[in-house]
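There are 4 protein chains.
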Amino acid sequence: VTSPARIGVAVIGTGYWGPHLLRNLGTSDAFDLRWACDLDADRARTLVGRYSTIRVTDDLADVLDDDAVHAVAVATPASSHLEIALEALDAGRHVLVEKPLAASVAEGQKLVDVADERGLVLMCDHTYCYTPAVKHLRQVVADGTIGAVEYVDSVRINLGLVRPDIDVIWDLAPHDLSILDFVLPEDQRPTAVAALGADPVGAGHACIAYLTLRLPGDAIAHLHLNWLSPTKVRTTIIGGSRRVMVWDDLHPMQRLSMYDRTVTSVDAPREEQDRLRFSYRVGDMRAPALPENEALGAVVEEFARAINEQSAPLTDGRAGVRVLEVLEAAHRSLRRDGVMVGVTLPALDGGRP
Amino acid sequence: VTSPARIGVAVIGTGYWGPHLLRNLGTSDAFDLRWACDLDADRARTLVGRYSTIRVTDDLADVLDDDAVHAVAVATPASSHLEIALEALDAGRHVLVEKPLAASVAEGQKLVDVADERGLVLMCDHTYCYTPAVKHLRQVVADGTIGAVEYVDSVRINLGLVRPDIDVIWDLAPHDLSILDFVLPEDQRPTAVAALGADPVGAGHACIAYLTLRLPGDAIAHLHLNWLSPTKVRTTIIGGSRRVMVWDDLHPMQRLSMYDRTVTSVDAPREEQDRLRFSYRVGDMRAPALPENEALGAVVEEFARAINEQSAPLTDGRAGVRVLEVLEAAHRSLRRDGVMVGVTLPALDGGRP
Amino acid sequence: VTSPARIGVAVIGTGYWGPHLLRNLGTSDAFDLRWACDLDADRARTLVGRYSTIRVTDDLADVLDDDAVHAVAVATPASSHLEIALEALDAGRHVLVEKPLAASVAEGQKLVDVADERGLVLMCDHTYCYTPAVKHLRQVVADGTIGAVEYVDSVRINLGLVRPDIDVIWDLAPHDLSILDFVLPEDQRPTAVAALGADPVGAGHACIAYLTLRLPGDAIAHLHLNWLSPTKVRTTIIGGSRRVMVWDDLHPMQRLSMYDRTVTSVDAPREEQDRLRFSYRVGDMRAPALPENEALGAVVEEFARAINEQSAPLTDGRAGVRVLEVLEAAHRSLRRDGVMVGVTLPALDGGRP
Amino acid sequence: VTSPARIGVAVIGTGYWGPHLLRNLGTSDAFDLRWACDLDADRARTLVGRYSTIRVTDDLADVLDDDAVHAVAVATPASSHLEIALEALDAGRHVLVEKPLAASVAEGQKLVDVADERGLVLMCDHTYCYTPAVKHLRQVVADGTIGAVEYVDSVRINLGLVRPDIDVIWDLAPHDLSILDFVLPEDQRPTAVAALGADPVGAGHACIAYLTLRLPGDAIAHLHLNWLSPTKVRTTIIGGSRRVMVWDDLHPMQRLSMYDRTVTSVDAPREEQDRLRFSYRVGDMRAPALPENEALGAVVEEFARAINEQSAPLTDGRAGVRVLEVLEAAHRSLRRDGVMVGVTLPALDGGRP
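Chains as they are written, first to last, in the numbering used here: chain R, 1 to 353; chain U, 1 to 353; chain G, 1 to 353; chain D, 1 to 353.
Be a bit skeptical, because a hint or two may be false.
It does not matter which identical chain is used: a pair holds within one copy or between any two.
What the hints assert, rightly or not - Heads up, simulated DMTMM-like pairs for lysine to aspartate or glutamate below, C-alpha to C-alpha not over 20 Å straight-line: (1) 232 to 284; (2) 135 to 284; (3) 232 to 260; (4) 110 to 301; (5) 232 to 248; (6) 135 to 186; (7) 232 to 249; (8) 110 to 165.
Read the hints as simulated data drawn from the structure, not as lab findings.
Turn these sequences into a full structure, and let the hints steer you where they fit.
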C-alpha cells in the first residue's frame, strides 16, 4: 500500500538522464516511485535492476492507467516532450520535463497553457539552478553584493558526443541559458542574440558555437559551446559593477570565487581626465563554503513542494519557454551568418514572468 | 670605438616595452646599443640607470645624426609609428617596430613600401611568435602533426589598464592576430571577421570584445579579449583534424599540451549512419619539453640576422599589415553590430606573402 | 530461484563503505545479492531502500543459515573483522574484507590460515589497486618503463573526520601501503619504517603523521597523512631511474603524468668529476588515457573470478597481512619518537608471497 | 663624486645570485654600486655588461681599499662566507650575506660576535622573508588571526641541480628554516629535529630529505626537500587553531589562501564524548590581495635602513645562526638514521633573541 503522504510518480525515458531521476525519486521520502517506462523495456528493466519492486513497461498507457501515479518525470528526447507531456497533463498528472522543455517555443507554450488550464504543475528540470553554486550566484546578484551585472562569459566545452539529431547549441546552450534566466534579474534578461558556429567534422550542423547575448544596460553575455575540445572546461564569469564571480564547476574544492577586483569610472577634473578616469580596486578574493548536495535531489524536492503547495516551481514551464525563445533566436542568427536577432518576449499572460 | 661587427642601435620610446628592448639589445653580442630616446628624457635616463654609458636624448635627430646608429627599435604609441619609422627609414636606418605596426593599414603599407624601396629591414616585434610555445605550434601545423586546423579559440583576459586612447581590440588582438598569422598556413588566413563588444564601465569604447574569424575550409577562430576580468587567462586551443594543441601561457610547467583526442566522421553503411557516423579517438596527451628562452632575445637576434643577411625577417612589415587588415575589418564589424565583414587581402606585390 | 551461475552474497555492515558494496554487488551479473546485515537493522533497511527485494537482518546467523549465500563482504569496523570473517569462513563462505584486513598482524594471519585450511577465498578490498591509475602504475613498474623505483612520495590530506577509535595512520595509511604493496616488485617491499606524528587538537592520538619507509636498494617511500588540512590533496610521485610518474587522484582530467625528466649519474674523467657527474634528461611528459571505470566494480569481479576459478585474488589475505605488518612497525616507531623500526616479513608458508 | 647620501657598496660573487644583487643594488637610490668582484673577473665583467661604469675586479683587496665602499654583499659559496665576511668586517664594512650565513654554527657565531664588537650591520639575505606572502604569514601569526600554530608542512621540490659539494638539506632547507624563524613566534621555535634522506642517484649525499621538527606545544613542522622531482612544488601549509594558511608560491594568481576550516575539540557530556568531541568549522576561504614587489628590492632597502639607523635588520646574523643550528641538528639526525635530535639554543648574549 502506498503511503498517502507520498506522491506516486513514474519516470518516462531511461536513457542518459533517467537513471539519475530514478535514483533521486527512489530515495525521496516525498515520492512513491511506481514505474520506469521506456520504449525499450529491457533498458528500463536493466536500469531498475534485479532487486527492485518498481514496475517496468514500454507503454505510457500502463503508467497513466495507474491511479496511484500523480506525477511523471519525462526524460525522453526533446522531440517527444510535447506528445508525452501533453498526454500526461491531459490525464491530470503533474509533469517534470527535462531541458529543453520542448522542441520549439510554440510547443513549450502549448504545454504551459495546458498545465495552466488544468491547474497542474509543469516544471522544467533545469538541474544546474539547484546546485549550491548557482543558488549562491542568484543570491549575490539579487541582494546587490556584486552590483549590477555588466558581463557574463561562459565556457562549456569538452569532447562530447556529436549528436546526429541536434546541434551543439540545442544540446548545450539550455544549460547556460537556464542558469542565466535563473540568476539574472527579471529586467536584465537577454534582448537579442548573435550566433556563429562551425562544423569542421561534417556533422551537418554546428559542433562549435559562439553566442553573444545583449542584456539591457549595455551588458553582454557570451557562451562558448564546443563538442570537439579535448579538454573539459565549465567556467562562468559574472562581472558585476562591485564584484566579480568566477564559477569553475570542475574545480575539486573552490567552485565559486568572489573577486573584489573591479574597474570603475570616476569623475576627474577635465585637465586630468586621461590619467584619472578609472579606479581599480584590487581587493581580496573570497571563496564561499558551499554545501555538497546533489542538485537533482533538490529538483525532486522542489517538484514535490510545488505539487503539495499547488504553487509554481522555481523553474516552471515559463522559464522553459524563455530558454526556447533565446534558442530559436540564436538559430535564426546562425542561419544569417551571425546578425544580431531580437529575442521576442511576448506578454503571455498579462505580464507575469 | 664601436666594434665593426656590431650593429649600432637606438631605442626610441622608453615606456612600457622600452626597458625590455634596452635589456635585450644591451646584452646581445650582435648590437652596439648607443641611445635611449624618449620625449621624456628623465624617464629614459632613469631607465638606463646611473651606471650606464648609453646616451640619452629627447630628440630623434640626435639619434639619426649618429652615423654609428644603423638601426632603431621603436616602442612608442602606435599613433606615432608612421612618423618615427618613416624618419628613420628616410635616414637609411633599419627599423624594428612594436605591434601594431601602425595606426592603419594605409600607414602600415606606406612603411612597407618605403622600406622596400630603400632595401631596408622593416620588422614587426610580434614577440609571441618568438616564444618556444608559438614556434612549436607553427611547427606542428606546418609538418602535419595535428592535421588540418579546424578551429582556434583564444582567451586573453585579465584586469588590465583601461586604455583611454584605444579599445581592447586594438590593445590585445594584435597579440592573437600576429600569432594566428604566424601559425596558420598561408592559405588558411582569415577571410572575414565579426566583432561584438561592450563598454560597461563607460570608457567610450569596448573593454570586452569577441572576435569570430572565418578561415578557409569552414574553419573558425575566436578571440575573447577582456580588460575587466579579475582572473588572468591566456589560453589558446588549436584544434586539428588529427590532434589538438592547448597552450596555457600561464601554466608554470606545462604550457603546451598535445591531445590525441579527436572526433572524425567515418563512412558507415547507410542503415547504421545515425549510430556510426563518428569515430572518437581518446589517446594519450603529450606535453613537449620547451626551452626556457626569453622571446625578445630571439626577436633582436632575428632583427640582426635580417640586417646582416639582407633578407626579410620572420615577422616582417607585411605580417604587420595583415594584422592591421583584420583589425580594421573587426572595427567595421563592431560598428555594424557584429555583421561578418570581409578581410581584404590585396595582392600588394604580385602575390608574395 | 537463484540463478545457479550466480554467487549468492551478503553485505555485512552498511555504514560508510557498505552502500558502495551493495550497489556494485547488486549490479554485477556474477552475484546474487541476498542480504544486507547490520547491527542497526534500520540503517540497513534505509540503505537498501523501499523498492528492494534484498533482505535485511541484524543477525549474522540469518545470513549464514541461508544456503544460497556462498560469500560475504565485510564492511564493519576493523576491530570486528576477525570475529565476523572467522565465523563466515568456519561456515564455509568466501570472504571479502574491507581494509585493513584485521586489527593486528596476528589476527590477519589467523584469517589467512583458516581460509587456506578450508580452501576458501579470502580477499582484501584494497580498492585503489583496482583503479585504472594504480593498475597503470603497477604496469609501468613491472615492465621496466620507469626503470628502478628510487623514491615514492605520497600525500593524502584533507579535513577528515577525527576518528575517536583509531589514529590517522590506521585510518589512512592502509590506502597507501596497499598501493605500494601492489605496485612495487616483490623484492622491493618496505624493510623498515619511521613514524612521527602530532595531535594538536587533543584527540588522544596522532591526527597528523609522517611515515618514512626504507625500501631495498637505498630507495625511500614517504607518506604524509593528515586529518586537519583544509585542502584536499591526494598525490603520489613514483620516481624511477628512467621516468617519473605523478598521480594526482583529484585532477579532473590528467590523473597520471609520466615525466621523462630524470637525473642519472654518469662516468666522467676524474679531473672533471665535479662538473660532469650527472646527466639531466628533460624530455616530454605523457599523460596516458585511462578508462573511467569504478574500481569497486573491478573488485567484485575479481572476487567472483577468484571464487569461480578457485585461485588467489590479486589482493589476497597475504597482501592484507603485509599491510598490517608495516602498520604495526609504524606504531612501534611512533611510540619511540620516530626511530627506524624493521618490518618483519616472516616466511609464512615456505616463501610464497 | 659619490652622493654623500648613498651607501657605497660592492657585490662579492657574481654566480647564481650575484646578478640579482647587482640589479637591485644598482637601481636602489640608497646605494652607490661601485664594484663587482669575482675570482672569475670575466664572469663579473660579462655580468655588468658592456655599457656599465661599475668596476670589476677579482681581488677583494681592491674593493676594501676603496674608501667609498661602506658595505659589501657576499654571494659566494657558503664555505667562503666566514673568510670574506670577516675580512670585510675587519675592514669596517657592513655585510649582507647570502643564506646560509656560514658553513657552521661556530662560523656563523664568530661573524655575529665580530659584527657586534665593531658595531657593524651583519644581515642575512633570507630573501623569502621579504616577499609579500611571507610578510603576510608573519602578520597573521603575530596578530592572532590564525590562532596558535599547530602544524607546518612545507614542500620544496623540483628537478634541481644535484650539487656536488652540499646535500639537498644544506641547499634547500635554509629557505624553509629562515621562513619558519621569521614567521613563528619566538617561543615557538623548533626544539628538536629528525631527518631522513636518500641518495638514489649516487651523489654521495642526500638528494631527497624529510625533516620533522618538534615545536613547543606539541606542534610539528615538516619539510620535504627533493632535487629529483620532475614537477616543481613550493607549497607551505601553516595550520593554526583558528584558521589555516596555504601558500602556493607558484600559483600565478592566488599565492596565499586563508581557510576557515578547522577542527577543534569541544567539551562534551561524558556519555556522548565519542560522538561530540570535535567541532568542524567549514567556512569561507579568503585569498588576500598581495602587492607585486620583488623581495630582493626590500632586502636591499632593509640593509640600507639598518646601516643608516644603526639598528639590527629584520633578518640579522642571529637569525642566520638559528637556521644553522637546526641544519646542524638535522645532519646529526641524518647520520643516526633519523633519531630525534635536540636543537641547542644557547643564550648567546644574555637571552636576547
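Quick rundown of the hints versus the structure:
Taking CA atoms no more than 20 Å apart as the test, residue 232 paired with residue 284 passes between copies only; the shortest distance there is 15 Å, against 28 Å inside one copy. Proximity of residue 135 to residue 284 under the C-alpha cut-off of 20 Å is restricted to the inter-copy arrangement: shortest distance 16 Å between copies versus 22 Å within a copy. Proximity of residue 232 to residue 260 under the C-alpha cut-off of 20 Å is restricted to the inter-copy arrangement: shortest distance 14 Å between copies versus 27 Å within a copy. Proximity of residue 110 to residue 301 under the C-alpha cut-off of 20 Å is found in neither arrangement, the shortest distances being 25 Å within a copy and 50 Å between copies.
Taking identical chains as interchangeable, the C-alpha atoms of residue 232 and residue 248 lie at most 20 Å apart whether they share a chain (11 Å) or sit on different chains (14 Å). Taking the closest pair of Cα atoms, residue 135 and residue 186 come within 20 Å of each other only inside a single copy of the chain (16 Å); across copies the shortest separation is 46 Å, beyond that limit. Taking the shortest alpha-carbon separations for residue 232 and residue 249, both the intra-copy value of 10 Å and the inter-copy value of 17 Å come in at or below 20 Å. For a Cα distance limit of 20 Å, the shortest separation of residue 110 from residue 165 qualifies neither inside one copy, at 23 Å, nor across copies, at 52 Å.
Hints 4 and 8, counting from the list given before, are not met by this structure.
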